[in-house]
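*Asks:* Between the sequences and the hints, there should be enough to build the whole structure, so can you do that?
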Amino acid sequence: MTGATGMAGSRTLSRCLLLAAVASMMWSGQVSAQAAPAADPDWPCVQRLLPEIAGGMVWAGPPLDQVEMPDSDREFDALARELAARRVPIEQAEQDIDAYVQALNGQATPERLAALFKATLAIINDDRSSIINGIKKFSKGQRTLAEKINAKNQEIEGMDRSDVLAHDAAVAERDWDVRIFDDRRHSLTYLCEQPVLLEQRAFTLARALASHLE
Amino acid sequence: MQRSLLLATALTALAASHADARTIFVSNEKGNSISIVDGDTLELLKEVPVGQRPRGIVLGKDGKHLYICASDDDTIEIMDTSSFEIVGTMPSGPDPELMVISPDGSTIYVANEDDNLVTVVDVASASIKSEIPVGVEPEGMAVSPDGKTVVNTSETTNMAHFIDAESHEITGNVLVDQRPRFASFSADGGEVWVSSEIGGTVSVIDSEKREVTHRITFAIPGVPDEAIQPVGISILDDHSKAYVALGPSNRIAVIDAQTYDVIDYLLVGQRVWQLAFSPDQKTLYSTNGVSNDISVIDVDADKVLKSVAVGRFPWGVVVLDP
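Chains as they are written, first to last, in my numbering: chain A, 1 to 214; chain B, 1 to 322.
Calculated directly from the structure, the hints in this document are not laboratory data.
These numbers come from a predicted model, not from an experiment.
Be a bit skeptical, because a hint or two may be false.
What the hints assert, rightly or not - EDC-like mimics (lysine to aspartate or glutamate), calculated; alpha carbons at most 16 Å apart, straight line: (1) Lys303/B <-> Glu214/A; (2) Lys61/B <-> Asp104/B; (3) Lys306/B <-> Glu214/A; (4) Lys30/B <-> Glu214/A; (5) Lys241/B <-> Asp264/B.
*Replies:* Structure follows, in structure tokens:
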């Protein structure tokens with residue numbers, strides 16, 4: 001029984017050591033060859049961090065920084081919020097744009113459509129910025145946990161094995177942390193895709209609006 | 001049974017009828033597939049499932065086979081370009097990303113990112129001829145028009161390695177800007193253009209002197225510099241213009257290849273990655289990774305004609321004319 005536990009324990013330990021080593025490498029930005037050097041150390045995604053979707057990246061119409069925004073226009077503001085909202089399917093947003101242009105009855109000037117895109121992009125960028133902060137917070141949490149696992153591994157190695165209760169308690173605590181670390185690690189790909197999905201949305205909306213510019 | 005017979009007949013008819021038209025092949029890195037687009041109607045004909053993470057693709061010299069780097073399967077898959085079926089595999093070394101084929105069609109050079117190697121594959125025998133150790137994280141590959149020199153770029157070492165195709169020895173190293181991604185010879189063999197993704201530049205190397213003679217930089221109004229990440233390069237055979245895909249800036253730069261000045265930026269799709277000309281060089285196609293489409297560009301007018309939706313995360317593109 002003791003032997004079996006010992007073997008299982010040693011398997012877990014080597015796995016933990018490996019994980020912790022990978023973890024501290026990963027969370028110090030060394031593991032991802034694709035991550036930009038000297039980039040934000042809290043950014044764990046393969047994609048290079050672009051803090052903001054700049055208008056020029058997706059929009060080829062009138063320059064957004066020179067566009068005048070309409071004076072308080074509830075319908076306009078509501079539409080920008082609708083277009084930016086992730087809950088609204090992109091096909092629906094495209095239909096909303098078509099309906100808006102039709103309703104304007106020939107008054108959908110390039111400046112007006114540029115203003116609508118500028119307002120929408122601002123909301124998307126706010127949303128994206130909160131996601132990016134969330135990912136960085138997640139990354140910091142993982143790094144702290146990796147450091148804790150490393151420290152606990154060292155503590156376990158130096159422990160007096162005759163104090164079985166204390167040793168087992170330390171191992172159990174470490175195993176629990178490893179499990180949490182591992183579970184969270186699996187969600188990284190999903191998390192990193194979220195800012196990209198918003199880039200996709202911004203681009204699709206820009207393209208849909210641009211189709212009414214000609 | 002009857003239905004599947006009908007389907008098979010229809011598919012055969014489709015394949016047969018398509019032999020007369022231009023065909024565009026696109027590898028989808030996340031879709032694990034090859035999208036096949038009719039080059040005349042620009043309609044998606046088919047999406048064929050292939051190995052894991054297909055990236056680099058090249059056509060064999062006679063156009064009968066498409067070779068596909070299935071990066072996560074550590075193999076090269078061979079697709080019949082008429083039936084669109086996978087008919088075999090070839091060894092590639094680990095994690096093949098990008099490959100080029102020698103002008104005579106006999107040899108494929110593969111960049112193995114994880115093992116710091118270029119694997120040399122003999123096409124006829126489908127076997128590995130040699131492995132050439134190169135810099136850290138090899139990426140871009142190019143072969144000179146006379147087939148005598150192979151160029152490989154290594155991402156971490158920031159170098160273009162010149163390799164003798166006969167002896168497989170490295171004969172020169174040229175330092176370029178950070179994270180070189182792609183290399184391309186001019187049709188006369190006199191120049192090698194290397195794009196640097198992080199450096200945000202294209203280095204033009206004199207292939208005789210092995211020195212950088214021009215360094216092309218990019219600036220797009222309203223686009224932050226860090227979004228300008230040069231990747232794919234296509235140079236017209238007459239050396240009048242060249243095109244550089246600029247990643248997440250969603251633009252292709254049009255370059256006067258005589259003066260090395262950027263003359264235009266074309267808004268295409270998101271994260272534009274690789275480029276390919278049609279055989280007559282009148283049309284350029286780009287893969288746009290995040291918007292999951294390809295853009296079709298008129299080369300004379302430098303105008304984006306159309307976007308065609310393909311699979312998930314399109315990466316490589318090649319064009320086959322009948």
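*Asks:* Now tell me, hint by hint, if it's right for this structure.
*Replies:* Outcome of the hint check:
Proposed proximity of Lys303/B and Glu214/A is supported: the alpha carbons are some 15 Å apart, at most 16 Å. Between Lys61/B and Asp104/B the alpha-carbon distance is near 7 Å, which keeps this suggested pair within the 16 Å criterion. The hinted pair formed by Lys306/B and Glu214/A meets the criterion: a straight-line CA distance of about 15 Å does not exceed 16 Å. Using a Cα cut-off of 16 Å, the hinted pair Lys30/B and Glu214/A is violated, with the two alpha carbons roughly 34 Å apart.
A distance of roughly 11 Å separates the Cα atoms of Lys241/B and Asp264/B; the hinted pair therefore holds under the 16 Å criterion.
In the structure shown, a violation is registered for the earlier hint numbered 4 alone.
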